[in-house]
Amino acid sequence: HAVMMASPADFEDFALGFSLTEGIIADRQEIEAIEIEDHGAGIDIQISLKDQANTRFEARRRRLAGPVGCGLCGIESIEEAMRSVEAVGSSKLTLAAEDVIRSVKLLSRVQPLHAETGAVHAAGFYIHGKGIVMAREDVGRHNALDKLAGALAKAGIDGTSGAVVVTSRVSVEMVQKTAAIGAAFIIAVSAPTALAIRTAEEAGMTLVALVRGDDFDIFTHPERVVSGVAKHVA
Numbered sequence: 001h002a003v004m005m006a007s008p009a010d011f012e013d014f015a016l017g018f019s020l021t022e023g024i025i026a027d028r029q030e031i032e033a034i035e036i037e038d039h040g041a042g043i044d045i046q047i048s049l050k051d052q053a054n055t056r057f058e059a060r061r062r063r064l065a066g067p068v069g070c071g072l073c074g075i076e077s078i079e080e081a082m083r084s085v086e087a088v089g090s091s092k093l094t095l096a097a098e099d100v101i102r103s104v105k106l107l108s109r110v111q112p113l114h115a116e117t118g119a120v121h122a123a124g125f126y127i128h129g130k131g132i133v134m135a136r137e138d139v140g141r142h143n144a145l146d147k148l149a150g151a152l153a154k155a156g157i158d159g160t161s162g163a164v165v166v167t168s169r170v171s172v173e174m175v176q177k178t179a180a181i182g183a184a185f186i187i188a189v190s191a192p193t194a195l196a197i198r199t200a201e202e203a204g205m206t207l208v209a210l211v212r213g214d215d216f217d218i219f220t221h222p223e224r225v226v227s228g229v230a231k232h233v234a
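Just so we're aligned, residue 1 is where the sequence shown starts under the numbering used here, counting upward by one.
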């Protein structure tokens, strides 16, 4: 079981996405059912797994009471926290510098909860020529990304086809979850941690952060960002 603090929306996306990004399931077909019950003081989400996923779940247990800003709380060992990341280095996807800037601007337009409260994070999926094709919000940045992962899986959107865009900083868990989605790009408004940079480098992921106006820094695999406006390679 996992006890999480999350915004009260998109629970099915959250359950599916959390199961995917935590490596509990390999694809959505390994979930038999998701049941959601509102108990007033909280929401109970019951996920029924098929046999192969149950076996995988036992190998990666979580027992946690997770505050909204915590992505690794309750992990039972360093090995589980630093689990191997899916390599995305074979991706041939490239984006223009203009795409990087555009992705952040477009994400800011599809955040109704943030516009109302100013208190939540967003995670979106950007595809060149299509813009932000999916976005989710949550008070916790990890939850927003999990909700996005679930929404992409439900919609059948290929995670290798675009970039994950987030309004938060980039921690190692955000890199792990982005790799689980299959994306070779993560674009962030705020800064990455040193461990996030190292993990992205090892996974073959392009990490772009500190996107402010027409400027941004590329921390890993800059070869995927081509042409256009000025940029800095960190």
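Read the hints as simulated data drawn from the structure, not as lab findings. Ideal Cβ positions, reconstructed from N, Cα and C, are used throughout, including at glycine. Some hints could be false.
[What the hints assert, rightly or not] Simulated restraints on C-beta separations:
id, residue 1, residue 2, range
1, Asp-214, Pro-112, 22 to 28 Å
2, Asn-54, Pro-222, 21 to 27 Å
3, His-1, Lys-105, 26 to 32 Å
4, Pro-112, Gly-213, 33 to 39 Å
5, Gln-52, Lys-92, 29 to 35 Å
6, Leu-93, Ala-2, 28 to 34 Å
7, Gly-213, Asp-38, 22 to 28 Å
8, Asp-38, Asp-158, 29 to 35 Å
9, Thr-117, Gly-40, 40 to 46 Å
10, Asp-214, Gln-46, 46 to 52 Å
11, Glu-86, Gly-156, 17 to 23 Å
12, Ala-191, Pro-112, 24 to 30 Å
13, Pro-222, Thr-160, 15 to 21 Å
14, Gln-29, Pro-112, 30 to 36 Å
[Unchecked claim] Each computed DSS-like pair below joins lysine-lysine, with the alpha-carbon atoms no more than 30 Å apart:
id, residue 1, residue 2
15, Lys-130, Lys-92
16, Lys-154, Lys-92
17, Lys-92, Lys-105
- Restraint check for Lys-92 with Lys-105, where alpha carbons must lie at most 30 Å apart: Satisfied, since the Cα-Cα distance of roughly 24 Å is no more than 30 Å.
- Message: For a C-alpha distance cap of 30 Å, please report whether Lys-154 and Lys-92 respect it.
- Response: Satisfied, since the Cα-Cα distance of roughly 24 Å is no more than 30 Å.
- Is Lys-130 within 30 Å of Lys-92, Cα to Cα? OK: Lys-130 and Lys-92 at ~18 Å, within 30 Å.
- Outcome of range test on Cβ distance (Asp-214, Pro-112; 22 to 28 Å): The hinted range 22 to 28 Å holds for Asp-214 and Pro-112, with Cβ atoms some 26 Å apart.
- Task: Confirm or reject the claim that His-1 and Lys-105 have a C-beta distance inside 26 to 32 Å.
- Result: 39 Å, violated
- If you check the beta carbons of Thr-117 and Gly-40, does the distance land in 40 to 46 Å? Given about 22 Å between the Cβ atoms, the range is violated.
- Item | 17 to 23 Å as the expected CB spacing between Gly-156 and Glu-86, which holds or is violated | Given about 19 Å between the Cβ atoms, the range holds.
- Message: 29 to 35 Å was suggested as the range; check whether the CB atoms of Asp-38 and Asp-158 agree with it.
- Response: For Asp-158 against Asp-38, whose Cβ atoms are near 33 Å apart, the range 29 to 35 Å holds.
- Query: Does the Cβ-Cβ separation between Gln-52 and Lys-92 fall within 29 to 35 Å?
  - Reply: 31 Å, holds
- Message: Verify the CB-CB distance for Pro-222 and Thr-160 against the hinted window 15 to 21 Å.
- Response: Holds, at about 19 Å.
- Message: Given the hint of 33 to 39 Å, is the C-beta distance from Pro-112 to Gly-213 inside that range or not?
- Response: For Pro-112 and Gly-213 the Cβ distance comes to about 23 Å; the hint is violated.
- So the hint says 30 to 36 Å: do the beta-carbon atoms of Gln-29 and Pro-112 match that? 31 Å, holds
In this structure, the hints that do not hold are numbers 2, 3, 4, 7, 9, in rising order.
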